[in-house]
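> Each chain, letter by letter, is given below.
There are 2 protein chains.
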Amino acid sequence: MRTKIPIRLGATLLALALASTALADDMEDYRAMFEPLPFLPPIPAGNSMTQKKIDLGAMLFFEPRISASGVISCATCHNPALGWSDRIGRAIGHAGQVGVRNTPTVLNSGFLTSQFWDGREPDLEGQALGPIQADVEMNMTLDQAIARINELTVYRTHFDAAFPGEEDPINAQNVALAIATFERTLNTPNSPFDRFLRGDDQAISDEAKEGMKLFADNGCVACHSGPVMSDGMFHRFEVPGSTDEGRFVVTADEADKFTFRTPTLRNVAVTYPYFNNGSVNDLRDAVNLMGEQMLGHEFSEPELDNLVAFLHTLTGEMPVVAVPALP
Amino acid sequence: MRTKIPIRLGATLLALALASTALADDMEDYRAMFEPLPFLPPIPAGNSMTQKKIDLGAMLFFEPRISASGVISCATCHNPALGWSDRIGRAIGHAGQVGVRNTPTVLNSGFLTSQFWDGREPDLEGQALGPIQADVEMNMTLDQAIARINELTVYRTHFDAAFPGEEDPINAQNVALAIATFERTLNTPNSPFDRFLRGDDQAISDEAKEGMKLFADNGCVACHSGPVMSDGMFHRFEVPGSTDEGRFVVTADEADKFTFRTPTLRNVAVTYPYFNNGSVNDLRDAVNLMGEQMLGHEFSEPELDNLVAFLHTLTGEMPVVAVPALP
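Protein sequences, first through last, are from chains A and B.
The first sequence begins at 29 in the numbering used here and counts up one residue at a time.
The second sequence begins at 29 in the numbering used here and counts up one residue at a time.
Note that these hints are calculated values from the structure, not bench results.
Cβ coordinates follow ideal geometry from the N, Cα and C atoms, glycine included.
Incorrect hints may appear among the rest.
[What the hints assert, rightly or not] Pairwise CB distance ranges, derived in the manner of DEER restraints:
1. B:S76 - A:M55: 47 to 53 angstroms
2. A:Q321 - B:L68: 53 to 59 angstroms
3. B:G269 - A:Q321: 42 to 48 angstroms
4. A:D188 - B:G269: 54 to 60 angstroms
5. B:S76 - A:S233: 36 to 42 angstroms
6. A:S328 - B:A353: 57 to 63 angstroms
[Claimed, not checked] From chain A, some residues computed to sit far from chain B (all C-beta separations above 10 angstroms):
7. I120
8. A123
9. D151
10. A175
11. L242
12. F265
13. E273
14. V298
15. E320
16. L323
17. F327
18. V349
Hey, can you work out the whole structure from these sequences and the hints?
Below is the structure:
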């Protein structure tokens, strides 16, 4: 049943590899192939960013009582202490159940053009309500979650402030809007690489600069492009040990079988383990595997050293978030 | 088998109630019956407080990888968002198992003269390693926990800094010393009642002042005494629905059956639910039950109003703790 391996990726990589080889004859040419991370992602027209909404979103993000057990919040798997992820292979949720995929970091997720490994939600608003309802995660119905929030009467004030003029602001849609708004503040600007891109030649080491060139010249940048170094596209990739059919689960299109959305490389050094099943712990091993699978290329040991040094420069300034006092 | 109900408590209460009735004829007399909360608890001679040790302790407190699942840390049940407790009846730990007792807050726990509901550990150093090893909590052996810490190589630097000169600083004892040191910084000074005790007559409402008088005149202050409003003693108390034998489990002394150490009342308004099995959610209901069981006295509705108003003045300034970035 594993037919039709998409060939467009190979073509894109080849074109870009050729283009980059032709273009990149000095540092400025390489710089031009990357984009620094803005301080904020695009804010959707339907969900304006206000401080009150951010504050409410932070409360809901850290709120474990919207889980069936009362002890699992968004912050359980998207743990601020652990790069806003969990640093285990596959997520652990309700009653200790193990999920099927690795927890993606929330950091810079507002820049992604779709959410989840399989892109099944277009935006953070769509994503936010998923884990609440997943039986292996927080294991609630939205009605149950809203009922819990209503029990904690102080929330009414915060919903009123975040959604002024609404008669009945405590509802699932507003929960999603508030959490998504908070998440759009969780960005990591000013990484060494961003400072380098903005003109500070000394912001990254010579080793990292060599890694950047390898990253560009070998075509990694074809998929890991744009401000968060993800093209937002779905690419076929089979991680050792994984039987996950990826985006096929969403679209039932054979061409999507075993494809996953390109993950961001921002903060990749602190968001291990890697891949859809979290089976690779070490960044160097992950780079090696990507070379073999996506590029059909075995990087040398010095090349791996340089690529890893480059990837470490993508760790930005972590957002400073005070854990909110909940009702 | 439920013999020998200790009578010393009743005698103490009576003596104190008489004494307080005799003494407390103006506000200064009442003030003299209480103690403001110091900024720091006593620091034990064997565990000096240093910033490096506090920092390491914070990391370990938020470190989920010293649990078997990799997702449960001290901060899971002692959640900074929830008054450093969990606001559920009984703690939920490894694989969703439900423990037998309510999670006590870590706030001001350095002032307590023993730890756990049954006082089975004398200090925070003794307490810290308990939940790591409890099979319904983090479910690890100490050897496994130390092995996990050793895997995260960055910790070596932090242990070296916290325990300078030690050849092999990553060991269970130092984990306990560091966590206990961090916990001794989690205090809540400057509550309205503290400001009142220090001379600001306007810091608490008239209703709260009436509550304070009731609290003193009825003898609540007999057990809820000292800076954290706990005498550190064990008192018999059977909460509806509880079959927990309390300190008897530790001492096997019949006199200790169904006794529990007096919990702190500091921040009681934000550390619900109440009692050893967390069976009472509402502070007013808890006060009412205490009156009935401990004092044999049914408070009137206005008395309950005033007592609850008083207890709300015991909520202090929450410690501001940045969630540490873990390796």
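> Each hint should be assessed against the structure and marked as holding or not.
Going through the hints against the structure:
1. B:S76 - A:M55: 47 to 53 angstroms: holds (51 angstroms)
2. A:Q321 - B:L68: 53 to 59 angstroms: Hint holds: Cβ distance 56 angstroms, inside 53 to 59 angstroms.
3. B:G269 - A:Q321: 42 to 48 angstroms: About 57 angstroms separates the Cβ atoms of G269 of chain B and Q321 of chain A, which means 42 to 48 angstroms is violated.
4. A:D188 - B:G269: 54 to 60 angstroms: At roughly 36 angstroms between Cβ atoms, G269 of chain B and D188 of chain A fall outside 54 to 60 angstroms, so the hint is violated.
5. B:S76 - A:S233: 36 to 42 angstroms: holds (39 angstroms)
6. A:S328 - B:A353: 57 to 63 angstroms: violated (32 angstroms)
7. I120: At roughly 5 angstroms from the nearest Cβ of chain B, I120 of chain A sits no farther out than 10 angstroms, so the non-interface label is violated.
8. A123: violated (3 angstroms)
9. D151: Fine: 26 angstroms to the nearest Cβ keeps D151 of chain A off the interface.
10. A175: holds (15 angstroms)
11. L242: Since the minimum Cβ distance to chain B is about 26 angstroms, L242 of chain A lies beyond 10 angstroms and the statement holds.
12. F265: holds (25 angstroms)
13. E273: holds (26 angstroms)
14. V298: Contrary to the label, V298 of chain A does not stay out of reach of chain B, its closest Cβ about 8 angstroms off (not over 10 angstroms).
15. E320: holds (26 angstroms)
16. L323: holds (30 angstroms)
17. F327: About 24 angstroms separates F327 of chain A from the closest Cβ of chain B, which puts it past 10 angstroms; holds.
18. V349: With a cut-off of 10 angstroms, V349 of chain A comes too close to chain B, as the shortest Cβ separation is near 7 angstroms.
Going through the hint list in order, the structure does not satisfy hints 3, 4, 6, 7, 8, 14, 18.
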